[in-house]
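Asker: Here is how the chains run, residue by residue.
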Amino acid sequence: MKARLQRNSKRRRQLRLALVAFIIVCLGFLLPKIVTSISFVVTYPFHATNQWLQESSSLVPVFFRDRVTLEEEIKDLKNQVAVLENNDLTQGRLIHENKQLRSLLGTDEAERIAAAVIARPNELPYDLLQIDRGLDHGVEVGAPVFVGQDIVIGLVVHSAREYSFVSLVTSPGFESTAFITGSNVAVSMEGIGSGVARVKVPQGINLAVGDSVLLPSVEPGIFGQISFVESSPTQPEQFGYISPQLSINSLYFVSVGKLSQITRSSTEINEKIKQYAEDSLYNSEVDVIVSTTTATSTATSTEVMEIDSEQEPE
Amino acid sequence: MYIAIIILFFQNILIPAAILGLWFSFRFGAGFLIPAAIMIDGYFGNFYTFPYLSLFSILWYILTVYLSPRVIDLNEA
Numbered sequence: 001m002k003a004r005l006q007r008n009s010k011r012r013r014q015l016r017l018a019l020v021a022f023i024i025v026c027l028g029f030l031l032p033k034i035v036t037s038i039s040f041v042v043t044y045p046f047h048a049t050n051q052w053l054q055e056s057s058s059l060v061p062v063f064f065r066d067r068v069t070l071e072e073e074i075k076d077l078k079n080q081v082a083v084l085e086n087n088d089l090t091q092g093r094l095i096h097e098n099k100q101l102r103s104l105l106g107t108d109e110a111e112r113i114a115a116a117v118i119a120r121p122n123e124l125p126y127d128l129l130q131i132d133r134g135l136d137h138g139v140e141v142g143a144p145v146f147v148g149q150d151i152v153i154g155l156v157v158h159s160a161r162e163y164s165f166v167s168l169v170t171s172p173g174f175e176s177t178a179f180i181t182g183s184n185v186a187v188s189m190e191g192i193g194s195g196v197a198r199v200k201v202p203q204g205i206n207l208a209v210g211d212s213v214l215l216p217s218v219e220p221g222i223f224g225q226i227s228f229v230e231s232s233p234t235q236p237e238q239f240g241y242i243s244p245q246l247s248i249n250s251l252y253f254v255s256v257g258k259l260s261q262i263t264r265s266s267t268e269i270n271e272k273i274k275q276y277a278e279d280s281l282y283n284s285e286v287d288v289i290v291s292t293t294t295a296t297s298t299a300t301s302t303e304v305m306e307i308d309s310e311q312e313p314e
Numbered sequence: 315m316y317i318a319i320i321i322l323f324f325q326n327i328l329i330p331a332a333i334l335g336l337w338f339s340f341r342f343g344a345g346f347l348i349p350a351a352i353m354i355d356g357y358f359g360n361f362y363t364f365p366y367l368s369l370f371s372i373l374w375y376i377l378t379v380y381l382s383p384r385v386i387d388l389n390e391a
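Just so you know, the protein sequences line up as chains A and B, in that order.
The opening residue of the first sequence carries number 1 in this note's numbering; numbering runs sequentially from there.
The opening residue of the second sequence carries number 315 in this note's numbering; numbering runs sequentially from there.
These are computed hints drawn from the structure, not numbers from a lab.
Careful: at least some of the hints might be erroneous.
What the hints assert, rightly or not - Listed next, the in silico SDA-like pairs over lysine to any residue satisfying Cα-Cα at most 25 angstroms (straight line): (1) A:10 <-> B:380; (2) A:10 <-> B:364; (3) A:10 <-> B:376; (4) A:258 <-> A:182; (5) A:33 <-> B:315; (6) A:10 <-> B:363; (7) A:10 <-> B:329; (8) A:10 <-> B:342.
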């Protein structure tokens, strides 16, 4: 009898503990800022240890880090350098042209925050990127994160005082509107994980490997290129798989934009899509030849009139 | 061991972390894992979306409360 009473009171105590924990979780869900602030303080030693193990070049962390991974990273970076060296001239010309067009449109360069990548998706239990800049440095939740000048890779989803987490465009469940050049269609894009995103396009639309994918809701918002098309004639839809130009696991530095670079209104997104479509019709390298004949002269004179790059496309 | 579980989780070494967590739950009680799970969820900002780990730790605690007497009985038998 006494033993049963003891067991019952123990069980009641255990259930009470579970209930209290559940209430704390619910409160945390309602007041996330308080819980995250407390966790920042409590988990700081773990955060510091983690950072030390992942980034430090002292003997112990280097010993613990996987040597093979480091060798692979070096190889990957060497390949990237080789590719980038070849693209330098083309990119330089395009960047210069882009800057000129932007200044003509009156858009100023938005302020960016440079951040180092502390942890990548393969080093975290979630499909996130951890950067070493947080609220103290002006990182806002929802701000776009770029690689280089205009390649958007994700959005800041959580920002603590000294670090932030970035949800990648390729993270499962991440949805956004994308514009595909070439076929000139606006579709919804979803992340499917492992550094790959997917677009769903109806059959009949010409979707090709190499088509650029832009995110009209982010300024500037180039995402990547279609690297594989899955099309079966018996299916009503075809899928295009997109991977960013750079491997996420080889990222060391990113830049964080401002919240104002994200467009939330559908009208603005539609405007942007229209602008992309119009821009694709315009080729600055084409000369227009206008032939004029005068009645008084027997000879025909031909003038070459070059379209100015400042002229708006029709 | 408690600290080791947290560090392993932070380092994304999930399988050893789960094995240690399992052993820890039956040795010292899964109730101790709940605060760690809440703190980890807070660190990753999961309270802004859905605190998976915290809820899982509560469910795990309830499960172990019902399971551990049976496991101990089996050992004694």
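Asker: If a hint holds in the structure, say so; if it doesn't, say that too.
Answerer: Taking the hints in turn, this is what the structure says about them:
1. For the proposed pair residue 10 of chain A and residue 380 of chain B, the alpha carbon gap of about 12 angstroms is at most 25 angstroms, so the pair holds.
2. Of the supplied pair hints, the one linking residue 10 of chain A and residue 364 of chain B is violated, its CA atoms being roughly 31 angstroms apart against a limit of 25 angstroms.
3. Taken as a hint, the residue 10 of chain A and residue 376 of chain B pair is honoured in the structure, with Cα atoms around 13 angstroms apart against an allowance of 25 angstroms.
4. Note on residue 258 of chain A and residue 182 of chain A: the hinted pairing is violated, with a Cα-Cα distance of about 29 angstroms set against a maximum of 25 angstroms.
5. Between residue 33 of chain A and residue 315 of chain B, the direct Cα distance comes to roughly 29 angstroms. Violation of the 25 angstroms bound is thereby established for this hinted pair.
6. For a cut-off of 25 angstroms, the pair hint linking residue 10 of chain A to residue 363 of chain B is broken: about 34 angstroms separates their Cα positions.
7. For the given pair, residue 10 of chain A sits about 32 angstroms from residue 329 of chain B by alpha-carbon distance, which is inconsistent with the 25 angstroms threshold.
8. About 15 angstroms separates the Cα atoms of residue 10 of chain A and residue 342 of chain B, which keeps this hinted pair within 25 angstroms; it holds.
This entry does not satisfy hints 2, 4, 5, 6 and 7, going by the numbered hints stated previously.
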